[in-house]
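Number of protein chains: 2
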Amino acid sequence: MGTLSKDKIYSFEKSTKLFERATKVIPGGIYGHQSPVLCVPGSFPYFIEKAEGSRFWDVDGNEYIDYMCAYGPMVVGYNNPRVEQAARKQQEILNVSNLPGPLWVELAERLVKQIPIADWVAFAKNGSDITTWSLQLAREYTKKKKVLVAKSTYHGTHAWCTPLPPGVTPEDRANIVFFQWNDLDDFMKKYEANKNDFAGVIVTPFRHEAFENSAMPGPEYYKTIRKVCDDSNAIMIMDDVRCSLRLNLGGSNEYFGFKPDMICMSKAVANGHPLSVGAASAKLKGVASAVYFTGTYWSASPPMAAAMATLDELEEKDGVAYMDRIGKMLMDGLQKLAANHGLQVTTSGPGAIPYMTFANEKDFRRMQLFSAEATKRGVFFHPHHNWFVSTAHTEDDIKQTLEISDVAFEIVKKKFGS
Amino acid sequence: MGTLSKDKIYSFEKSTKLFERATKVIPGGIYGHQSPVLCVPGSFPYFIEKAEGSRFWDVDGNEYIDYMCAYGPMVVGYNNPRVEQAARKQQEILNVSNLPGPLWVELAERLVKQIPIADWVAFAKNGSDITTWSLQLAREYTKKKKVLVAKSTYHGTHAWCTPLPPGVTPEDRANIVFFQWNDLDDFMKKYEANKNDFAGVIVTPFRHEAFENSAMPGPEYYKTIRKVCDDSNAIMIMDDVRCSLRLNLGGSNEYFGFKPDMICMSKAVANGHPLSVGAASAKLKGVASAVYFTGTYWSASPPMAAAMATLDELEEKDGVAYMDRIGKMLMDGLQKLAANHGLQVTTSGPGAIPYMTFANEKDFRRMQLFSAEATKRGVFFHPHHNWFVSTAHTEDDIKQTLEISDVAFEIVKKKFGS
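Heads up: the protein sequence lines correspond to chains A and B, in order. Numbering of the first sequence is given in the numbering used here, commencing with residue 1 and proceeding in unit increments. Numbering of the second sequence is given in the numbering used here, commencing with residue 419 and proceeding in unit increments.
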């Protein structure tokens, strides 16, 4: 596992060949959040062969310490033995069939116990299955249509929320009202303008969109949104898809001290096994039965077994505290290294979801070079998207990461001077 | 495996207790297509413990020959050794990570080769991920908005297509134009009324909605829709989610002899491992790169390994022909048994997706009694939804099924007289 070296620079022949084949039969070769155009083409691998613990190996055999964790789902290590054993055991008995298995109930009971605001849960596959349904529940509950959404916040790629305009009609967003994130004056203005048809608000626990530093909300932000929803009998939804199980096992709202009516969870809930969860208060249970919601694979038992084991791991190892500590160790280390080189970096986000940018640029050119040089030496840093750590990331991983980051900072310093 | 007996009537104590627990923490206890209110509550199990081949066992230990195949995904038998071995082997190496694995390309190449209309494919998790995206692609390609959809056809539970009104706003359907299924006059009328803003049409290969006999389209149906789309440079989409791999490995359109621009696949594509596929012609590849589309688990490799093995199984065993034969054997047998009892039944659908109703009722009362009595003796027949067979269904399964169906018909005859 300790084969990384700051002196060894990776090349990507097999990745590149495979990507050329991919472009022939798949739009863009690789699409969506994994699209190479969102990283630094040429300096990153295109395809992964295997993954274990905090590391993965690309198809050229290059080894990486991973700071994306599959964009969130990996939270207790790739191929975690406990999670995989639980999922495999269940898979041998029952995957998907005409009806759910007992884990449908057992996992629901556990989550309701674990999540303070939850009186019930529902299961699906994608995070956006749940976020989109949550808006429908708010509308059905209130018999109103407008939902307030912070501009540029990522809630998925459905037409009401996708960050890119192609394929979207004005009607898809007719009932979405955008306000400026963390700007309560703007929030109140948009609320006032729409209060006669106000169904609710959807928020992420903090600001974590791509191409931005992560940012924490002001002290009155959630308090005000909660009050407005209460006063209007409207629904406050938290899209916790990206942060699930990384800040607080009871929902990231507990970390920030507020109580939404519904939490949308996914990504880390089953350590990469496909599962998303809606967790909500009793007042939405009636409309949740009425707004038709289903999918072929949603009652599959193996991801539920994986979720139970993921929770066991996180509880027993105090995973949330561990990730906070290890992620802060990474951010502190990067800050110090940068300062040593006379560079200014901004670290942001909670420890479990760290990120770094260069303070004196908006065009990410230093960040792209830094990430590319780190990645080519075995530390997978995304230039434009917040990172993730897991309970599988060790202090030794951080040490090796910083050794390689030191070289990457040096190269940035040499090229940009500051 | 041969433990079924027409004289043994099942009870559902453990199922019932588990369902009571479920209702406390999950809306409706079990929601969506698996909701017990859509079967015959009290005469069907609520929870399944294990599944193998053509059979499953509920939590009370009752054994069933299954004619729902998990509502479609199971096509080569539950826990198929070849599929499970392939998925497990892949799972041990790589599930989901920052980038896809080589199977992303290998499966895409195979599907493009296998599906005559396909120049490219894209992967997702739910069938409705693909159907909803297909409408966006049609809109982006044509720069028009209206999509024609046959009324009552099932395309998923997104707001534009859900069969139930709660949670849906008028704006969600502002660009959907409903026409009567298989009614070309109505189709042309709706097309004419919307032709200046006509983006395309989405069809299922045949009519297979719940609470209806399955029905085949008239000979001019697809020809006319294709011509209208060609003349308008609009997009013809086939929602093959339910029928994927059961009528033709190249797409169900090959079975019916037409060429859509895009095929939406899911359910059986990986024998229950979560995967959906969009397969389309070259002209949509550009817009497919532009309409942002992604999900956390979509590049996971194990379902792709399962899909490769499912295709191997179906190809080597000529699964499509086998399912057609075994399903027709079932339908023929049921017809004969019903006639022996002086009952009139209607069988419908292709062999692989068979269905039966009673010809002299519209309220499904005979059908509910028949299904309940069969299910309570180990033959799981859904009263209101088309059935499915798989390559794991044997002639001996059909023989046992007909023995038990004979008793169920007798009970129907006794209660209803005809």
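Incorrect hints may appear among the rest.
[Unchecked claim] BS3-like cross-link-like pairs, simulated, lysine-lysine; straight-line CA separation at most 27 Å:
1) 531(B) x 143(A)
2) 442(B) x 24(A)
3) 442(B) x 259(A)
4) 89(A) x 569(B)
5) 569(B) x 143(A)
6) 468(B) x 89(A)
Keep in mind the hints are simulated off the structure, nothing from the lab. Since the structure is predicted, the reported quantities are computational estimates derived from the model, not experimental observations.
A quick look at each hint next to the structure:
For the suggested pair residue 531(B) and residue 143(A), the alpha carbons sit about 49 Å apart, so the restraint of at most 27 Å is broken. For the given pair, residue 442(B) sits about 50 Å from residue 24(A) by alpha-carbon distance, which is inconsistent with the 27 Å threshold. With a C-alpha separation of about 21 Å, the suggested pairing of residue 442(B) with residue 259(A) holds against the 27 Å cut-off. Pair hint residue 89(A) plus residue 569(B) does not hold up; C-alpha atoms about 43 Å apart against a cutoff of 27 Å.
Restraint check for residue 569(B) and residue 143(A): satisfied, since their Cα atoms lie roughly 25 Å apart, inside the 27 Å limit. Annotation: proposed proximity of residue 468(B) to residue 89(A) holds, straight-line Cα distance about 11 Å (limit 27 Å).
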